[in-house]
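Number of protein chains: 2
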Amino acid sequence: MLAKVGGELSLASSIHDLARHLNISIGTVSRALNGRADVNADTRQRVLEAAKKLNYSPNQSGRSLRQGATRSIAFMLQPHPGDQQYGEPFFIPFLTGLQARLADYDLDLMVVMGEPGQYQQERLRRVVETRRADAVVLANTRREDDRIDYLSKAGFPFATLGRSQSGGDTYPSLDIDFERAGDEAVDRLVARGHRRIAAIRPSHDLNFGYLFLDGYRKALERHGIEVDPGLIADGFINEAGGYQVTADVMLSKDRPTAIIFNNDAMALGGCKALAEMGIRPGHDIAVIVIVDTPLCRYFSPALTAFRPSLEPMGQRLAEMLLASIPAFAGPEGPRIIREVWPLELVARDSD
Amino acid sequence: MLAKVGGELSLASSIHDLARHLNISIGTVSRALNGRADVNADTRQRVLEAAKKLNYSPNQSGRSLRQGATRSIAFMLQPHPGDQQYGEPFFIPFLTGLQARLADYDLDLMVVMGEPGQYQQERLRRVVETRRADAVVLANTRREDDRIDYLSKAGFPFATLGRSQSGGDTYPSLDIDFERAGDEAVDRLVARGHRRIAAIRPSHDLNFGYLFLDGYRKALERHGIEVDPGLIADGFINEAGGYQVTADVMLSKDRPTAIIFNNDAMALGGCKALAEMGIRPGHDIAVIVIVDTPLCRYFSPALTAFRPSLEPMGQRLAEMLLASIPAFAGPEGPRIIREVWPLELVARDSD
DNA sequence: TGTGTTCTCGTAAACGTTTACGGAAAAACG
DNA sequence: CGTTTTTCCGTAAACGTTTACGAGAACACA
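Sequence lines, in order, name chains D and H. Start counting the first sequence at 1; every next residue gets the next number (the UniProt record's numbering). Start counting the second sequence at 1; every next residue gets the next number (the UniProt record's numbering).
Calculated from the structure, these hints are not laboratory results. Computed from a prediction, not measured in an experiment: that's the story for all the values here. Be careful, since some hints might not be right.
All copies of an identical chain are treated as equivalent in the list; a pair is satisfied when it fits inside any one copy or across any two copies.
Capping the alpha-carbon separation at 30 Å, the derived lysine-lysine pairs in DSS-like fashion look like this [to be verified]:
#, residue 1, residue 2
1, K253, K218
2, K153, K53
3, K153, K52
4, K253, K272
5, K272, K53
The whole structure should be built from the sequences, with the hints applied where relevant.
Below is the structure:
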């Protein structure tokens, strides 16, 4: 179906055009442009001038083919299903940081989107197998993640935003300290007199749900509070899921006096359920959200939440990824780095 | 700096491997895979089986080089400056629709991000000149947009989300009917008894700001209300800008009784200014926002707003773009389509 | 002057595809 | 059986790069 596209560009000059124009060989032109040593100083000068004059820039397909590298990194962005109208604002600042650091290394960032419903595996395979990118960055890691299994089995370079139990220690990862956030949230609530604290998290095997719960449990134990399974609930990771599961928890015979939500969308749905029951966050119940978004801030009452520093995280993960790839890393060779970053509590009106 | 990356992939089999394995020529293999007519039915069968067995998939760089087309479309995503913590949720559903339709044509979507502050021109040139994509999609169109000038001068295929005065009728565009939304907003407010209605919009030469104002003016005239320049104000397109300009307008001697904000972030900042002055939207003043986001919905009071249907718009713009490219379009040849879609009023509590 | 080094450049192959062309074999037709 | 058409496949060039190799010229040194 597709033939030549954009072939009529007047600005599409090749290395051959430069060579012909200067009456030298294409080899010399290429060496001059790539800054190799074995080219005379003033032929290099002439080549660079001609390149500017003829508006030359290298064809990336040709270069990729020859070098076996595309100089682009793929980020797999997966919209959540049921996330009807608007997507996750979470990723934009992260991507901003990621892209900025990659640009320092002259690498392009390419965001690959999947259909909202289906899982990413197919799209990921496509990127890898057709060699559209040199490495990929994964997000929304699951506890057992077949994308990670696939990539490490294939020996394809990648890094993850979020940890997983899959793949061992073979890839760099950067995660938020959900465990500590869960712990601190409980700490804060206990200090304010709460003993019946509910934990609401997404199902789907998303790994941060487990980490959060670990911290929650650990803090309860430290305070000598028995963990009540009836206060721990999973739901679909969107507003409807949060509504549903919150309603369930609040209808149990022994209600919690505080809820920690592991996701902002679920918190919003939960608050809707609370409102319908006449229960006011900040007055009748305490609410804390683990990952802050603008919605938490503008909601009424404004929700107390733990906030990550997304843009620096994006920058850092780019560095970690690059350091793990032999062809990019310095003489020391590849290094696998894993980091877990703290969150900052933003105290507002809901607890 | 970069050498071979991922070259050790066990799954990287080429068309030569297939040919050797089957003892036929690479030409035949290629023809079989591409479904050409001049290949025997069972050699095609054997090729397809071998391709599956050896896990073959074509190297995109090789294919792109030969065909002069990359089979990918670039979307230029530009985070607004000062948009500190979280970015625009606006684009995710739009991109979801765009990607879905492109996938139907076996095209990849590649989102190219720029630095938050600087303008996109440089990054755009890079994509075009290194021929990383076959076409691009632009957003945040300005009234005079040098990206559009550049692309149409270069003869590079593109489409825009939003109109512009640049480039003439040479490219497809899909826009929201800001004019009508501004008109309807005034209508609604006048029907509720307002006569002093302020219009607050972004500066930056963003085109939708002009369109909105046209509708606003037209509706006022229709109702026989004189346009008061003191009620029209421009500000930086973020919360701080909205705060600033709203405070200014409210400090004028003859205050408005209603405000139409042309941007959600500015509306949020404006409401903060109002709150500090003890003015309550929905009681002491009416507030309407032109483009709805989840923030409008969760804000307190929930903001009345006009909502676009972003995902269908993404799908439609993909179709329009493809129809405009000779190599993609059907036998009728290229067609330039321009569409303007209506918004839906979501009445909430602020007016 | 002869020999060895250093600079500089051209030649050609290679990366993985697709495709125009031609030719051999098979089929169709008289 | 001879001729023409059809079917099928191999050959080779081409897309735009990079780079290993070698060779000529200039230079240094004895």
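Practice prompt. State the violated hints by number, sorted upward, taking the hints as numbered earlier in the document.
Written response: 5
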